[in-house]
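Residue numbers (this note's numbering), protein chains in the order written: chain U, 1 to 347; chain B, 1 to 508; chain H, 1 to 321.
Worth flagging that the hints you see were computed from the coordinates, not collected in a lab.
Note that beta-carbon positions come from the ideal geometry of N, C-alpha and C, so glycine has one too.
Treat the hints loosely; a few may be bogus.
Unchecked claim - The following label-pair restraints were derived from C-beta to C-beta distances:
{"no.": "1", "chain 1": "H", "residue 1": "S246", "chain 2": "B", "residue 2": "S409", "range": "37 to 47 angstroms"}
{"no.": "2", "chain 1": "B", "residue 1": "D62", "chain 2": "U", "residue 2": "A158", "range": "55 to 65 angstroms"}
{"no.": "3", "chain 1": "B", "residue 1": "H317", "chain 2": "H", "residue 2": "E201", "range": "20 to 30 angstroms"}
{"no.": "4", "chain 1": "U", "residue 1": "L37", "chain 2": "B", "residue 2": "R331", "range": "24 to 34 angstroms"}
{"no.": "5", "chain 1": "H", "residue 1": "E41", "chain 2": "B", "residue 2": "Q338", "range": "48 to 58 angstroms"}
{"no.": "6", "chain 1": "B", "residue 1": "Q338", "chain 2": "H", "residue 2": "N149", "range": "53 to 63 angstroms"}
{"no.": "7", "chain 1": "U", "residue 1": "A158", "chain 2": "B", "residue 2": "K382", "range": "53 to 63 angstroms"}
{"no.": "8", "chain 1": "H", "residue 1": "Y162", "chain 2": "B", "residue 2": "P399", "range": "47 to 57 angstroms"}
{"no.": "9", "chain 1": "B", "residue 1": "K369", "chain 2": "H", "residue 2": "L164", "range": "36 to 46 angstroms"}
{"no.": "10", "chain 1": "B", "residue 1": "S29", "chain 2": "U", "residue 2": "I193", "range": "49 to 59 angstroms"}
{"no.": "11", "chain 1": "U", "residue 1": "A158", "chain 2": "B", "residue 2": "P399", "range": "48 to 58 angstroms"}
{"no.": "12", "chain 1": "H", "residue 1": "Y162", "chain 2": "U", "residue 2": "I117", "range": "46 to 56 angstroms"}
{"no.": "13", "chain 1": "H", "residue 1": "F157", "chain 2": "B", "residue 2": "R331", "range": "47 to 57 angstroms"}
{"no.": "14", "chain 1": "H", "residue 1": "W163", "chain 2": "U", "residue 2": "I117", "range": "35 to 45 angstroms"}
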Amino acid sequence: MGNQSPEPIVQPDSDRLKSLRIPLRIDGQIIGLIIFLAVIMIVMSFASEHFLTYINLLNILQQAAFVMILAFGMTFVLSTGGIDLSVGSIVGISGGMTAWLLYHDVNMVMAVIGGMIVGTAVGIVNGLVITKLGISPFIATLAMMIIARGVLYVWTGAIPIREYMSSSFTFLGQGRILNIQFPVIVAALLLLILLFVYRRMRFGRHVLALGSSEEAVRISGIKVDRLRIKVYALSGLIAAIAGILLASRLTTVHPEMGKNYELEAIAAAIIGGTSLAGGKGSLVGTALGAIILFMIKNAMNLLNVHPYWETIVVGVIILVAVTVNIWGGSARIRLGSRKALKEVKQS
Amino acid sequence: MTVEEDQVLLSLSGITKRFPGVLALENVSLDVRKGEVLALVGENGAGKSTLIKILSGLYSKDSGEIRVRGKAVDINGTKEAQALGISTIFQEPSLAPHLSAVQNVYLGRELVKSVVGKAVRAMNEKEMYLETARLYQKFFPSVEDLHRPVGELDALKNRVIEIVKALSVDCSVVIMDEPTAALAEHEREVLFDFIRLLKAQGVSIIYVSHHLRELFLLADRITVMRDGKNVATVNKEDTNIDHLVSMMVGREISNHIVKEKVPLGKVVLEVSDLNRRGVLKDINFHVKQGEIVGIAGLAGSGRTETVRAVVGADPIHSGKVVVDGRPRRIRSPRDAIQAGIGLLPENRKLHGALIELTVSQNITVASIKRILGQRFVLKKRKETLIAEDYVKRLGIKTPHVNQKVRFLSGGNQQKVILAKWLFTQPKVLIFDEPTQGIDVGAKVEVYNLIAEFVRDGGAVLMVSSELPELMGLSDRIYVMHKGRFVCEFSREEATEENIMMYASGGHE
Amino acid sequence: MNTHTRKLIKLNAREGLGVSIILVILFVFLSVSSEYFLTVENITNLLMHSVFVMLVAFGVMFVLSTGGIDLSVGSVLGLCGGVTGWLMMNGTNMWLAILAGLLLGTLIGAFNGMIITRLRISPFLATFAMLYIARGLLLLFTINEPIRNFATPEFAFLAQGYWLGIPMPVWIALAVFLICYFLFNSTSFGRFVVAVGSNQEAAHLSGISTNSIKIRVYALSGLLAASAGILLSSRLTAVQPLMGTSYELDAIAAAVIGGTSMFGGKGSVTGVAIGAIILALISNGLDLLAVNQFYRLIITGLIIIIAVGVERYTSTRAKTA
Chain U
1 MGNQSPEPIV
11 QPDSDRLKSL
21 RIPLRIDGQI
31 IGLIIFLAVI
41 MIVMSFASEH
51 FLTYINLLNI
61 LQQAAFVMIL
71 AFGMTFVLST
81 GGIDLSVGSI
91 VGISGGMTAW
101 LLYHDVNMVM
111 AVIGGMIVGT
121 AVGIVNGLVI
131 TKLGISPFIA
141 TLAMMIIARG
151 VLYVWTGAIP
161 IREYMSSSFT
171 FLGQGRILNI
181 QFPVIVAALL
191 LLILLFVYRR
201 MRFGRHVLAL
211 GSSEEAVRIS
221 GIKVDRLRIK
231 VYALSGLIAA
241 IAGILLASRL
251 TTVHPEMGKN
261 YELEAIAAAI
271 IGGTSLAGGK
281 GSLVGTALGA
291 IILFMIKNAM
301 NLLNVHPYWE
311 TIVVGVIILV
321 AVTVNIWGGS
331 ARIRLGSRKA
341 LKEVKQS
Chain B
1 MTVEEDQVLL
11 SLSGITKRFP
21 GVLALENVSL
31 DVRKGEVLAL
41 VGENGAGKST
51 LIKILSGLYS
61 KDSGEIRVRG
71 KAVDINGTKE
81 AQALGISTIF
91 QEPSLAPHLS
101 AVQNVYLGRE
111 LVKSVVGKAV
121 RAMNEKEMYL
131 ETARLYQKFF
141 PSVEDLHRPV
151 GELDALKNRV
161 IEIVKALSVD
171 CSVVIMDEPT
181 AALAEHEREV
191 LFDFIRLLKA
201 QGVSIIYVSH
211 HLRELFLLAD
221 RITVMRDGKN
231 VATVNKEDTN
241 IDHLVSMMVG
251 REISNHIVKE
261 KVPLGKVVLE
271 VSDLNRRGVL
281 KDINFHVKQG
291 EIVGIAGLAG
301 SGRTETVRAV
311 VGADPIHSGK
321 VVVDGRPRRI
331 RSPRDAIQAG
341 IGLLPENRKL
351 HGALIELTVS
361 QNITVASIKR
371 ILGQRFVLKK
381 RKETLIAEDY
391 VKRLGIKTPH
401 VNQKVRFLSG
411 GNQQKVILAK
421 WLFTQPKVLI
431 FDEPTQGIDV
441 GAKVEVYNLI
451 AEFVRDGGAV
461 LMVSSELPEL
471 MGLSDRIYVM
481 HKGRFVCEFS
491 REEATEENIM
501 MYASGGHE
Chain H
1 MNTHTRKLIK
11 LNAREGLGVS
21 IILVILFVFL
31 SVSSEYFLTV
41 ENITNLLMHS
51 VFVMLVAFGV
61 MFVLSTGGID
71 LSVGSVLGLC
81 GGVTGWLMMN
91 GTNMWLAILA
101 GLLLGTLIGA
111 FNGMIITRLR
121 ISPFLATFAM
131 LYIARGLLLL
141 FTINEPIRNF
151 ATPEFAFLAQ
161 GYWLGIPMPV
171 WIALAVFLIC
181 YFLFNSTSFG
191 RFVVAVGSNQ
201 EAAHLSGIST
211 NSIKIRVYAL
221 SGLLAASAGI
231 LLSSRLTAVQ
241 PLMGTSYELD
251 AIAAAVIGGT
261 SMFGGKGSVT
271 GVAIGAIILA
281 LISNGLDLLA
291 VNQFYRLIIT
301 GLIIIIAVGV
311 ERYTSTRAKT
321 A
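The task is simple: from the sequences and hints, build the whole structure.
Below, the structure is given as structure tokens:
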């Protein structure tokens, strides 16, 4: 379209106004989570003198770090409208791989890379099964969860892998920089990197679009299958990172390592405002979600509430968070244009 | 008319495409000239969509040749099509509802800038925004909406964003597949103006539509397709609707709208003071036995909401429904069925058909009590017989009644839904866009079935966006505007002009 | 008419094809490779093992057919078995205790359904939360003392007794199978379940109260999970706080292997039964062949993928045929 008449230039004012609006919209949710966190902290600081201490708060972060890392990957997967139930097993199998390599005196860097490769490979297989066989993500990753766990059992003969720790490997799970535990730093770094990928890079945009309307993505000339495989590979890689850190932290890799982590990761992402239906997600929300989960566990621990209550409270919080989400922000799209969404669903 | 070589922008010759068991396109040839609107018409299954998908790179052709500006090309994928200057606006909305206009327009080809070296590249949001805003302002002065998720915007804006998306690649041919499908009458006018604007700028448009009247407003030439073949290409001046229809169907269709005079009986359905806050205001109307009553109005004027409220599918704040002289309390579609009212909803795929169920299961689902034996056991033998009876009576094309409805054509699905409602033995049937998306032949059959129902003593309330259909069938027409019934016309009084005047608020 | 019925049979046969082939292959393979496999004792043993997952899977199948999912069944199973045991431990009459357990399961299921329909929370999330809550309640029940020593001989008979040489659980499963089969295929309830799963809006406009169907389906799922829980507590004669963990996954696996669609509108009671038997068959076969039980996980996962893959393949074939 070469011959266009000069167009009115968009006013810079309104331009700036508009670009301000996007972050604000998303922040509504984040602010809700922060308020929720603040309420817990204030109530707890009165209820227990041990709560609001530097050490305790760091502890919460340290405990939350592993699930948080997993939940970052889960956020990407959920954003596409998929789900990855295999991450818990990937934690086990890739942590196991790294430990096994270390046990056989492989260089630490190689061992870590080995673990990451295993995780990524499992993720790629997930993606292939989903895209090429047309099996729903729930079933495909459910099967992978079972298979990967089985492989770990068969491989280790159900005997925990031990005596692989070296001083440098110990640092990954237990070391500190500026008195902050290394896993927390990894989680923070990952958050920054993934935030960039999710919000600023094309890949992140395509992930959101895929969850919003697969047809739109396909028509736009994006290779949907390849995109989906990449997302599951990313989830696998991130799970592997968590697995390796956990292997260092626990100093033994039990074949049950990472079991049920997928549920906690999903819970963290959902509490953080990521939609199971796809098209909507927030990494910062996910991080806050993971912190909320573990802060509550910590609070109950300090209040001498029996740990058995924990699961009940987690369940209730998921319900509350989701209800607030549904009746708050996300209702807008539903009401705003039922028609457009309907038509999307139809196709 | 001879055309100079350089006037032909895009030329297809001998395009053939075969799917397992079907020859979708057979030796199709056509030319698209610079700056013209070429309309493509044909019944469903005539091969229009396949042709479009080949041009936009979603399907690959089996044989034949595509030339762009005289050069033979191969189109693999939408990106290659765009690189050749061919953009497509598909029939199904192709925007991601959670993304903003800017994000949608640049989906898949986001502008990037390097952040760390060459390897890490972030999206250049500002550039994308400015370019989108520039194109969008051709259609709407305000750029307010560009950052809102498109799912929150109305259908017209969604269409415009799709057009902007098509234009944002440097294109010389725009293919539009049923672009007016989701639009109201006045929005169509706006869209047509845009299309004329494009044409004036030298862009060629391939325009696919079922609305033959639209074509005469827009098209320069019309290509008719039937059974995967290109039947004819004619200049607009040399043809008329009846001629087109007969070419599309391959036979003469005498008069596609039939409504015989049926003696009117007593009032069957009377609705008074129907209110739904913010949506419907003081709705009053009645339908008599043997009568077809139409509801006209623009999309969003509350037509669908009215009929949904009558059958209890949406909540109401006040209102009285009287059926056959008896006041009825209708809170859910189930109550409506018991009162003898059935609604055939708009958008068959979404609201009407249970596609995973069989033909017979669909037919009996709304009146399952009638095939229920003792102790809640379904009488399957009886069900099959009933279904086979309806299949025969309505001429539903299906291999057997245990076929899943998913595998039937749109027209036959609509007939199955009609059979379902006939089996409830209704006094009143409400049709919401009864012929949406079904082809000419099937439309006539549906009209005949509606007429037959009325002849047998039924009463019909019908919502339709197609005025000829509405005026041809209805004895009376109510016109809606902004959630109110603003006017009532008898069959004789109704003209397209006065209906449109009231529907678009011109009376105020 | 004749050709119609023949086509019908063909179509139906095609739908259950994947799972039947797998069952036959496993069966033939095991009969050839282990002489012990094809004995009455082993087969009853095998069926016995499949019963618990099968009962849960029947309920899950109904839920999946409406397009929902029930992740809470494993926890409900544990909780209801636990409550029944706890009541009996405290001297409640056996039948009353069983009734209470069943009632509790039904109520939890109905509660799931209420949350899903009234609060409009997605089934995945609602039952996901219930998974935590019900498990937590069981943990609280066992906080002070473990639930054991409650099994009277009559109660133990439920899961350990024999009638006509066949274990009681198999009889119970058979009865539940017949009831579910009847419910699913021959009643308006079953018809409405698939109608809701196929197209909720259309079902609603056809006069089906979709909310009540959904609540009933989740209640049924809870009831069946509770019955499996009570049976399991009778078999184990003690209730561990983690009893029934991850049963939801086994049940979903059995349902999906049996041809139930995760997207609703399609399910099969017979398929589910076969799916559950296949799961038990794998474990049984590994035992007989003296293969490490850890392979069970791998094989189960593979079979899920194969069964669903074959099902998808045949159903796309059916479309073109």
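Hint check results:
no.: 1; hint: H/S246 <-> B/S409: 37 to 47 angstroms; result: 45 angstroms, holds
no.: 2; hint: B/D62 <-> U/A158: 55 to 65 angstroms; result: 57 angstroms, holds
no.: 3; hint: B/H317 <-> H/E201: 20 to 30 angstroms; result: 22 angstroms, holds
no.: 4; hint: U/L37 <-> B/R331: 24 to 34 angstroms; result: 43 angstroms, violated
no.: 5; hint: H/E41 <-> B/Q338: 48 to 58 angstroms; result: 57 angstroms, holds
no.: 6; hint: B/Q338 <-> H/N149: 53 to 63 angstroms; result: 56 angstroms, holds
no.: 7; hint: U/A158 <-> B/K382: 53 to 63 angstroms; result: 59 angstroms, holds
no.: 8; hint: H/Y162 <-> B/P399: 47 to 57 angstroms; result: 49 angstroms, holds
no.: 9; hint: B/K369 <-> H/L164: 36 to 46 angstroms; result: 40 angstroms, holds
no.: 10; hint: B/S29 <-> U/I193: 49 to 59 angstroms; result: 54 angstroms, holds
no.: 11; hint: U/A158 <-> B/P399: 48 to 58 angstroms; result: 55 angstroms, holds
no.: 12; hint: H/Y162 <-> U/I117: 46 to 56 angstroms; result: 53 angstroms, holds
no.: 13; hint: H/F157 <-> B/R331: 47 to 57 angstroms; result: 49 angstroms, holds
no.: 14; hint: H/W163 <-> U/I117: 35 to 45 angstroms; result: 56 angstroms, violated
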